[in-house]
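Keeping their order, the protein sequence lines are chains R and S.
Heads up, the final residue of the first sequence is numbered 334 in this note's numbering, and it's a clean run with no missing numbers.
Heads up, the final residue of the second sequence is numbered 440 in this note's numbering, and it's a clean run with no missing numbers.
These are calculated hints, taken from the structure and not from any lab test.
Predicted model, so just to flag it, every value in this text is computed and none were measured.
Heads up, a few of these hints could be off.
Output of the computed footprint for chain R on chain S, the stretches with three or more beta carbons under 8 Å from beta carbons of chain R [to be verified]:
#1 60-74
#2 137-144
#3 377-386
Using N, Cα and C, we set each Cβ at its ideal position, and we do this for glycine too.
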Amino acid sequence: MSEQDEKPKKNSRRKFLQELGIVGIGSVLGGSAILAGINYDKKKTAGQRVRVLTAENELLEIEKSDTTKVAKTTYENLTYLQKQGRDGLAGKRFVMVIDLSKCRNARKCMAACQNAHHLRPEQHHINVLKMEETENTPAFYMPKPCQHCDNPPCVAVCPVDATFKRPDGIVLIDNERCIGCRFCIAACPYSARVFNWSEPLNAQADKDLTYNVELNVPQRKGTISKCLFSADRLREGKLPYCVGACPNGVYYFGDENEDAVTNGTTKETVRFKKLLEDNGGYTLMPELGTHPRVYYLPAKGKEYPFQDKDKPEALEHLHG
Amino acid sequence: MLGQSTTDKITSDLLRPIRLTKGFMAWMGFLGVSLVVCLGAYVIQLKDGLVVTGLGDYVSWGMYISNFVFFVATSLIGMLISAVLGLSGAKWASPLARIAEIIALAFAAVAGLVIVSDMGHPERLLNVFIHGRIQSPILWDVTVVTIYVLISALFLYIPLIPDLKICHDKLDKLPPFARNIYKVLSLNWTGSHEQEKIVKQLTRAIAIFIIPVALAIHTVTSWLFASTSRVGWDSTIFGPYFVTGAFVSGSAAVIIAMYFYRKNYKLEDYITLSHFDKMGKLLVLVSLVYLYFNLNEYMVPAYKMKKFDAIHIQSLFAGTHALMFWSIQIFGLVLPIILLVFNKMRKPLPMLIIASFVLVGAWFKRYIIVVPTQEHPFLPIQNVPLNFKVYSPTLIETLVTIAPFILVLLIITILSKVIPIVSIHETIEELEQKNK
Numbered sequence: 015m016s017e018q019d020e021k022p023k024k025n026s027r028r029k030f031l032q033e034l035g036i037v038g039i040g041s042v043l044g045g046s047a048i049l050a051g052i053n054y055d056k057k058k059t060a061g062q063r064v065r066v067l068t069a070e071n072e073l074l075e076i077e078k079s080d081t082t083k084v085a086k087t088t089y090e091n092l093t094y095l096q097k098q099g100r101d102g103l104a105g106k107r108f109v110m111v112i113d114l115s116k117c118r119n120a121r122k123c124m125a126a127c128q129n130a131h132h133l134r135p136e137q138h139h140i141n142v143l144k145m146e147e148t149e150n151t152p153a154f155y156m157p158k159p160c161q162h163c164d165n166p167p168c169v170a171v172c173p174v175d176a177t178f179k180r181p182d183g184i185v186l187i188d189n190e191r192c193i194g195c196r197f198c199i200a201a202c203p204y205s206a207r208v209f210n211w212s213e214p215l216n217a218q219a220d221k222d223l224t225y226n227v228e229l230n231v232p233q234r235k236g237t238i239s240k241c242l243f244s245a246d247r248l249r250e251g252k253l254p255y256c257v258g259a260c261p262n263g264v265y266y267f268g269d270e271n272e273d274a275v276t277n278g279t280t281k282e283t284v285r286f287k288k289l290l291e292d293n294g295g296y297t298l299m300p301e302l303g304t305h306p307r308v309y310y311l312p313a314k315g316k317e318y319p320f321q322d323k324d325k326p327e328a329l330e331h332l333h334g
Numbered sequence: 005m006l007g008q009s010t011t012d013k014i015t016s017d018l019l020r021p022i023r024l025t026k027g028f029m030a031w032m033g034f035l036g037v038s039l040v041v042c043l044g045a046y047v048i049q050l051k052d053g054l055v056v057t058g059l060g061d062y063v064s065w066g067m068y069i070s071n072f073v074f075f076v077a078t079s080l081i082g083m084l085i086s087a088v089l090g091l092s093g094a095k096w097a098s099p100l101a102r103i104a105e106i107i108a109l110a111f112a113a114v115a116g117l118v119i120v121s122d123m124g125h126p127e128r129l130l131n132v133f134i135h136g137r138i139q140s141p142i143l144w145d146v147t148v149v150t151i152y153v154l155i156s157a158l159f160l161y162i163p164l165i166p167d168l169k170i171c172h173d174k175l176d177k178l179p180p181f182a183r184n185i186y187k188v189l190s191l192n193w194t195g196s197h198e199q200e201k202i203v204k205q206l207t208r209a210i211a212i213f214i215i216p217v218a219l220a221i222h223t224v225t226s227w228l229f230a231s232t233s234r235v236g237w238d239s240t241i242f243g244p245y246f247v248t249g250a251f252v253s254g255s256a257a258v259i260i261a262m263y264f265y266r267k268n269y270k271l272e273d274y275i276t277l278s279h280f281d282k283m284g285k286l287l288v289l290v291s292l293v294y295l296y297f298n299l300n301e302y303m304v305p306a307y308k309m310k311k312f313d314a315i316h317i318q319s320l321f322a323g324t325h326a327l328m329f330w331s332i333q334i335f336g337l338v339l340p341i342i343l344l345v346f347n348k349m350r351k352p353l354p355m356l357i358i359a360s361f362v363l364v365g366a367w368f369k370r371y372i373i374v375v376p377t378q379e380h381p382f383l384p385i386q387n388v389p390l391n392f393k394v395y396s397p398t399l400i401e402t403l404v405t406i407a408p409f410i411l412v413l414l415i416i417t418i419l420s421k422v423i424p425i426v427s428i429h430e431t432i433e434e435l436e437q438k439n440k
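So that you can see chain R by itself, here it is in the shape it has in the complex (with noise of 0.2 Å):
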């Protein structure tokens, strides 16, 4: 712009100082337009305030231009990951009801089950048995997850506690401390465990993955695995996956302490105690005194009949 003043030499010098006026002035403001601008943009982000957990479980509020992200390692997530997975979630007291006279094996809680926990064919977390307890009683499915007992007697005999009882009654495994002793297989009445006796299904497509002790994924070799009653999904406050995955109203699950239950297909919550006091509910082997937290609605006026087919494996127990 100088340079265009200085071309017509002719030029006043008044009207030199004018224009060198207009210049400076609009220099001056522009520059501080900008400089306001920039000002603006920081006072927004120190106006922010976000609250922040510390390691030592304490909740702060502090400016969010103050903090910097922190690149987790896979050690402090796993970490984090077990101790959550111990503490379990606080209030809670989680029970599973199941509607034998809905049960139709249809076996979409195994499937999903299977697929969320990356088990093999033959590992089940919850297992659709073919039951017939005496010779002329009448013969029903029953879909057995791990009745997570008040009583646990996995729990009790597990020489490292990898295998605990959480607070909200959920019975986890931690299977990087799993010495694959295998006494909670021998101990469990219900048959309710299975152990990776080889490499897991998905070893190599998992083997990056963080450990969680909600989820019991990645598998591990020689640890032993079963029902969680998905804690994962809990803590989103979601069903559990089979509880969710059946198409037959089988399942309810929910909050003892609230006194609720959800029925996972139909979406319905009902009263829990009115639920066992309306349909004659029990639970398996009370004589064990284990206490399950696993519910059970009998066959009565079942909405499936009992397969022929499946007559004989129903029998196969009976008879040894």
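Given the coordinates of chain R, assemble chain S onto it according to the supplied hints.
This is chain S only, laid out in the frame that chain R set:
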């Protein structure tokens, strides 16, 4: 006092086996090669996981656990012969004390390894100490087995001190370093009255202490099963049932060891026909007690035939395990009792054969206790492959099961080549007392 010639003869007789012979080298070579093969099988198991065994989610304890129970059981004999018979003044048993202790130490020490072979993550063994839960019977087992191994080692070592001095003095053909080891281990033994007294008192104290510990190791081992609610394991008499069974297999092991030591080391003057005769009677006694416990363990549930008991009993008495069950009871218990009542059966060779049957029967008895129960859980076994329903051990599993036996034979053989297996000091002492 005995004549110098008698003492010299005893010393040289009992020290004679302590030298390297061709037979010994060949035997060690055979054991060594076999051990390498078996360890190879274990390496495969470590690499591929327990899938190389016949185990599954239902029968998840098989030969390894049976083996563990068998090894702990057999080790109890040290306590019976050295401690119980020793304390009760049964002098005849004292020449057998060291053999019994060697067997006790070898079987107990190897039992610890057997249990490791069953673990899915043996490298996490330390977790048992880092994260150990005192509520778990496994913790009790680890604790008492460790204590028993240590006490058994002391029980072998303390009475051995005078003999170690003799070894140092008399085995002058050995290289100096070997003689020095004897010297160091003999703790400046001079044979003074005071030293004699210390050894006697210590031996007695250990003998007393080892009795409750030995009872504890096998009682706790039985509780690994009895602490569950499974049919066939849920029994209140499992502790004494296991302990009495242990004396049967241990006595048989001692008889077999006596036979071979006597024959191979020419110890006919020290392990005499009278010893076989008395061991035969002892085996009858402990077998009768064990038979009584068997009667209780099987006949009481068999009388009632409760739903799940019935399935279990049926499989043992007339089902898939009947052949094994009745063979054990007849050839491993009833027939040996009947035969050993006769004088002419309590001779070395017949007793070797009978004791072998008893010992093999004792091993399979552990299998019968461990395996069939798991084939009959409370809820049906469904939606799993056939090999989960019926347990059949694999070759690799069998090799890994054989390995501990080779280890025990190695320990027993090597110990008998470095220490006199009949106490020289006590033999001389007892002869002196008799002559007085």
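Which earlier hints can't be squared with this structure?
none
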